[in-house]
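Using the sequences and the hints, build the whole thing.
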Amino acid sequence: MRFRGPLLLFLLALAGGVALASIFEVHAESKPLLEAGDPPAVPESAGAPRASPTPLPLRLVDAGAVGIPADTLAWGTSYSHATHAFDRLMLRRAPWVEPREMARTASDWDRYVERVTGWGANGIIVDAFLEFLTFENAEGVSTVYPADAPLLHRHRALRESFAPLFDRAAEAGAGIYLKTDMLALTPELDEYLRATTGGLDPADPALWRAYAAGFDELFRAMPSVRGVVIRIGEAGPLFNVADIEYRSEMALHRPEHVRLMLETFLPVFERHERRLVFRSWSVGVGGLGDLHNRPDAYLASLEGVHSPALVVSTKYTQGDYFGFLPLNPTLFVGEQQRIVEFQARREFEGFGAFANDLAPLHGTALRQLRERTPHLVGISLWTQEGGPLRAGPMSLYPLSGYWRWIDANVHATLQLALNPEASPDSLHARWVRETLSDDPAVVEGMTELLRLSRRAVDRGWYLRDFAKHRVSVADFEVPPLLWIQEWDQIGAWWAIDTSVADVVGDDWRSTVAEGHEAVALVRRMRAIAESLEPALTDDAEYARMLRSLDHQENLFQVLAFHRETLFGYQRWLRTGDDTGWRDSATRFERAAATHHAEWGNDLDFPSFEFGPALRALDRERQGAATPAIARVTLAGLLVLLLATAVRGVTPILASSWIAALIAGPAITLALFLPRGAWGPVLGLFVVAFATGAVAVLTRDRSSDRTPVSLLLSPQLLPLAWVLGPVAIRGTGYFWVLFWTSTPYRIALFTLLLGGPTWAALAHIRGRLIDGGRWRARGLAASALTAGAALAAAALVLPSLDDSLRAADGLLGVMPMTRAILNGITVYAGVPDALRWLPAAIAGLLLGTGGLVLARARQRAPADPAPS
Numbered sequence: 133m134r135f136r137g138p139l140l141l142f143l144l145a146l147a148g149g150v151a152l153a154s155i156f157e158v159h160a161e162s163k164p165l166l167e168a169g170d171p172p173a174v175p176e177s178a179g180a181p182r183a184s185p186t187p188l189p190l191r192l193v194d195a196g197a198v199g200i201p202a203d204t205l206a207w208g209t210s211y212s213h214a215t216h217a218f219d220r221l222m223l224r225r226a227p228w229v230e231p232r233e234m235a236r237t238a239s240d241w242d243r244y245v246e247r248v249t250g251w252g253a254n255g256i257i258v259d260a261f262l263e264f265l266t267f268e269n270a271e272g273v274s275t276v277y278p279a280d281a282p283l284l285h286r287h288r289a290l291r292e293s294f295a296p297l298f299d300r301a302a303e304a305g306a307g308i309y310l311k312t313d314m315l316a317l318t319p320e321l322d323e324y325l326r327a328t329t330g331g332l333d334p335a336d337p338a339l340w341r342a343y344a345a346g347f348d349e350l351f352r353a354m355p356s357v358r359g360v361v362i363r364i365g366e367a368g369p370l371f372n373v374a375d376i377e378y379r380s381e382m383a384l385h386r387p388e389h390v391r392l393m394l395e396t397f398l399p400v401f402e403r404h405e406r407r408l409v410f411r412s413w414s415v416g417v418g419g420l421g422d423l424h425n426r427p428d429a430y431l432a433s434l435e436g437v438h439s440p441a442l443v444v445s446t447k448y449t450q451g452d453y454f455g456f457l458p459l460n461p462t463l464f465v466g467e468q469q470r471i472v473e474f475q476a477r478r479e480f481e482g483f484g485a486f487a488n489d490l491a492p493l494h495g496t497a498l499r500q501l502r503e504r505t506p507h508l509v510g511i512s513l514w515t516q517e518g519g520p521l522r523a524g525p526m527s528l529y530p531l532s533g534y535w536r537w538i539d540a541n542v543h544a545t546l547q548l549a550l551n552p553e554a555s556p557d558s559l560h561a562r563w564v565r566e567t568l569s570d571d572p573a574v575v576e577g578m579t580e581l582l583r584l585s586r587r588a589v590d591r592g593w594y595l596r597d598f599a600k601h602r603v604s605v606a607d608f609e610v611p612p613l614l615w616i617q618e619w620d621q622i623g624a625w626w627a628i629d630t631s632v633a634d635v636v637g638d639d640w641r642s643t644v645a646e647g648h649e650a651v652a653l654v655r656r657m658r659a660i661a662e663s664l665e666p667a668l669t670d671d672a673e674y675a676r677m678l679r680s681l682d683h684q685e686n687l688f689q690v691l692a693f694h695r696e697t698l699f700g701y702q703r704w705l706r707t708g709d710d711t712g713w714r715d716s717a718t719r720f721e722r723a724a725a726t727h728h729a730e731w732g733n734d735l736d737f738p739s740f741e742f743g744p745a746l747r748a749l750d751r752e753r754q755g756a757a758t759p760a761i762a763r764v765t766l767a768g769l770l771v772l773l774l775a776t777a778v779r780g781v782t783p784i785l786a787s788s789w790i791a792a793l794i795a796g797p798a799i800t801l802a803l804f805l806p807r808g809a810w811g812p813v814l815g816l817f818v819v820a821f822a823t824g825a826v827a828v829l830t831r832d833r834s835s836d837r838t839p840v841s842l843l844l845s846p847q848l849l850p851l852a853w854v855l856g857p858v859a860i861r862g863t864g865y866f867w868v869l870f871w872t873s874t875p876y877r878i879a880l881f882t883l884l885l886g887g888p889t890w891a892a893l894a895h896i897r898g899r900l901i902d903g904g905r906w907r908a909r910g911l912a913a914s915a916l917t918a919g920a921a922l923a924a925a926a927l928v929l930p931s932l933d934d935s936l937r938a939a940d941g942l943l944g945v946m947p948m949t950r951a952i953l954n955g956i957t958v959y960a961g962v963p964d965a966l967r968w969l970p971a972a973i974a975g976l977l978l979g980t981g982g983l984v985l986a987r988a989r990q991r992a993p994a995d996p997a998p999s
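The numbers in the working numbering rise by one with no breaks, and the one at position 492 of the sequence shown is 624.
Heads up, a few of these hints could be off.
Each computed EDC-like pair below joins lysine to aspartate or glutamate, with the alpha-carbon atoms no more than 16 angstroms apart [as the list claims (entries may be wrong)]: (1) K311 / E381; (2) K600 / D634; (3) K311 / E366; (4) K600 / E646; (5) K163 / D597; (6) K311 / E246; (7) K600 / E576; (8) K600 / E161; (9) K600 / D590; (10) K163 / E741; (11) K600 / D638; (12) K311 / E161.
Label-pair ranges, simulated between beta-carbon atoms [said to hold, decoys possible]: (13) R326 / P355: 28 to 34 angstroms; (14) R655 / R763: 44 to 50 angstroms; (15) S210 / S154: 38 to 44 angstroms; (16) H438 / S274: 41 to 47 angstroms; (17) A672 / P164: 56 to 62 angstroms; (18) V605 / T889: 25 to 31 angstroms; (19) G637 / A202: 43 to 49 angstroms; (20) A238 / A338: 35 to 41 angstroms; (21) L205 / R565: 36 to 42 angstroms; (22) P319 / R722: 19 to 25 angstroms; (23) L332 / R753: 37 to 43 angstroms; (24) A675 / A573: 56 to 62 angstroms.
Just so you know, these hints were derived from the structure itself, not from any lab. Glycine included, each C-beta is placed from N, C-alpha and C at the ideal position.
In C-alpha cells form, the structure reads like this:
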C-alpha cells in the first residue's frame, strides 16, 4: 500500500499524457475526389445527340478589377484582403466623388460589362452596400447621419454617380447585386445601433430591423439593384482599411443568429421582388465554422428557412479553392435555391500567373451538381477576387496586367453554366478563335497547351500522394496544399514537413519524380506557344504569354528541387541515410536565387517567397554542433544525478541542481530557436532570477526539510527526453518523433505533467505541512515565488501576435501570416488581452502571499526580554 500515492500519480500523469498526445495525432485517410474529365461521349447507336440542357438561369460574376487601383508601389507588399475598389473615388468634401476617377471607372465598367456578358454572365456583384445608404427614408430608423455628416452627402453622390452604370449593365442583360458582410458598419451607424438596439447583439431583432430598413430604402432608391449578396463567415481587420470609414465585423456565431437575420430580411426582399444571396462560406472556426462544409451544420442554420427570394451560394468544393477536394456535401441538402461558386483566378494556385485550365474541373462539378442538386439555379464566378490581391501578380481582369489565362477560365466556366455538356476542348477552341486567332494551327496548338496546363499544375504545384488523403489534426482538416502556404510562402515548418513526409511514406520517390514531370510538361507547353509565333506576331500579348510560361517553368523547377530536398532531408532524419539530399539542397538554393533575381521585380509574374525554406537550410547547417551540445548537456545531467545518488545533497550539489534547472532549459531552448532569436532565452533567465530571488528572501529555513534534488530532478526528466533525439540527429529528429510517434509523445507529456506534479506534492509535504497542519510561512513563500515567476513572465511576454510569431520560430508549426493571425485572434476569438492573464494571476498570488506572510509575522511570538 505504500506505493499507492506514487502509482496513482503516475496513472494520472499517464492519462493526461495520452489525452494531450492525441491532440497532436495526424490522421490520414483516402478521400473521394472530384476527378476532372470530359462529358460522357454519346455512342453512335444512340441516334441523335442529346439536346443541350437548359442553361442555369443565374450566372453571376464579381465586378472584376473595376475600381481597383493599379497601385504599383503597393503591389507585392500587402497581405490585406481589402481590394480597395472605389477607394479613390470617395472624397471627404464636395464634390464627394472624384470626377476623373469616376470617368475612368465608368469606362472600365463598360469594357468589363461588354466582355462578361459576351461570355454569358447575366449578373454582376459589386463590392459596395453602405456606400449607397443614407437611412433618410428608412422606415423605423431615426437619424443615422446628421444633416451635415460628410458620409450622408457622399452616399447621395455615389448613388447618383453609379446609377447610370447600373442602368447600362441592365440594358446589356446583367442585373446588379451589391455585396456586403454582416455586420457592415460606419462610425455613425455603429454609434446609432449601439444607442438604439442595446449594442451589436445578433440575437436582438432590433439590430436586424435596422438593416432591413436600409435594404428597403436601397431598393426604392436604386431600382437597378436586383439583389444583395451577404457574407457572415469572414470579416474584420483582414478586410478593413485604417483610413476608410467602412468596416466589417464578425458578429454571427450561432445558427439562431443566422435564422433571425434571414427571417428579418427576407420579407423586405420578397416585397421588392429582389434576391437575397446568402453565402454559406465560413472559415472553419467558431460556432458557425462548419456551416460551409458539414450538412448537419448547414441544416442547423437553414432548415425550415424558405423564401422565393432566398438563394444560398456555396463554394463547389468541401473546403476552399484547392485541387484534390470532393464536391461540397452541403450542396446536396436543404430545400433552398442554390448557386455554386467558382474562382477563375485561383488564389491558392498562383493567382492566374500561369496557365491553369479549370474547365475540366468546373465542367465535371456542374454536371454532377445538376444531377444531384434539385434546386440548383446558377453559378457565382469570381473573376478577380479572393485572397490578398496584392500578394500575387498585378493581373487586374480584364483591364491591366496579364490576364489571358484568367479570361480562358471565365469564358469556359460561364459557357459551362449555359451547357455543362460542352467539352473543354471545344470551349477553348472557341475562346482562341475569338481572342487570339482563327488560324487552325493556333486553335489546335493553344487548345493542347491549355489541356496540358492542369496536368502540370496537379503535378508541379501539389504533392499528389499527400493531397489525395484527408489529413486532420485535432479534428481540424488541413488543406491539400500544405507545403506551399498562403499564398506564396514556400518554407520548411516541422509540423508540415514531417506530416507530409509521413503521409506520403514509401511513395516519396514518385512524388519527387512528378515535380520534374511537371517541369517537362511546361517546357512542352512553351514549345507549343513558341511554334505559333508566325501566326501570333501581331498579338500584343504574345510576348507576355511566353514570359508567363518561362516564369512557370522556372518556378516549377525550383519547387521540384525543393521537394527533392524536403523528402531527402526527412529520409535522413528517419534513417540516417543522407544520400543526395545535401546536393538537392544546393541545387534548390541556386535555383531559388536565380528565381528571385529574374522575377523579384516583375509585377506580372512575381517571384515566390522561398525565404522560409532557405532559412531552414541555414539553420540546419548552423546547427551542425547541436547533437554534440545535446550530448554534453545530457552527460552533465547524468553526472549530477549520479553524484547526488552517491554523496547525497551537499551544498555544492544543491547549488548545481539549481544551476541545472536554469541552464538546462536555456540550452535546450537555444538549440531549438533560430540563430539570433535569443529573446525567449533571456526571458527565461529573467523569470528564473525573479523566482529565485523571491524564494531566497521568503525561505523559512527552519522548515525547509525537502532535499533540493527531490524537488528539481523530476523537472529535468522531460528535458532529458527532449534532448535524447536531439543528441542523435539534431532538433529535426525530435520533431519527427513528436509528430509521427505516438508512444514518444505520450511519454513526453506524461513526464511534463508528472514531474512538476511530483515536485509540487513533495514541496507541500516537506515544506507546507507540519503535523497535518498547513504552515503559513511556507504557503506565503510559495505564493510569492509563483507570483514572482508569473509577474516576470508577464513583463517579458510580447503581444499575442508577436508571441505566436515567436512560437512559430521555436515550434515550426505553420507560418504566422497575417491571415492566420487574424483567424486566431478574430475568428477563433482569442483576445490579445490574454497576454495579461499571467499578470492578473501574479497579482493575485503576490497579494495573497503578502497578506498571509504579514499575518504570520504578526502572530509570531515576540522574542523573550533579556533577563
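Taking the hints in turn, this is what the structure says about them:
no.: 1; hint: K311 / E381; verdict: 15 angstroms, holds
no.: 2; hint: K600 / D634; verdict: 14 angstroms, holds
no.: 3; hint: K311 / E366; verdict: 13 angstroms, holds
no.: 4; hint: K600 / E646; verdict: 14 angstroms, holds
no.: 5; hint: K163 / D597; verdict: 12 angstroms, holds
no.: 6; hint: K311 / E246; verdict: 21 angstroms, violated
no.: 7; hint: K600 / E576; verdict: 32 angstroms, violated
no.: 8; hint: K600 / E161; verdict: 9 angstroms, holds
no.: 9; hint: K600 / D590; verdict: 11 angstroms, holds
no.: 10; hint: K163 / E741; verdict: 30 angstroms, violated
no.: 11; hint: K600 / D638; verdict: 15 angstroms, holds
no.: 12; hint: K311 / E161; verdict: 38 angstroms, violated
no.: 13; hint: R326 / P355: 28 to 34 angstroms; verdict: 32 angstroms, holds
no.: 14; hint: R655 / R763: 44 to 50 angstroms; verdict: 48 angstroms, holds
no.: 15; hint: S210 / S154: 38 to 44 angstroms; verdict: 39 angstroms, holds
no.: 16; hint: H438 / S274: 41 to 47 angstroms; verdict: 33 angstroms, violated
no.: 17; hint: A672 / P164: 56 to 62 angstroms; verdict: 44 angstroms, violated
no.: 18; hint: V605 / T889: 25 to 31 angstroms; verdict: 27 angstroms, holds
no.: 19; hint: G637 / A202: 43 to 49 angstroms; verdict: 46 angstroms, holds
no.: 20; hint: A238 / A338: 35 to 41 angstroms; verdict: 39 angstroms, holds
no.: 21; hint: L205 / R565: 36 to 42 angstroms; verdict: 39 angstroms, holds
no.: 22; hint: P319 / R722: 19 to 25 angstroms; verdict: 53 angstroms, violated
no.: 23; hint: L332 / R753: 37 to 43 angstroms; verdict: 53 angstroms, violated
no.: 24; hint: A675 / A573: 56 to 62 angstroms; verdict: 19 angstroms, violated
The structure shown violates the earlier hints numbered 6, 7, 10, 12, 16, 17, 22, 23, 24.
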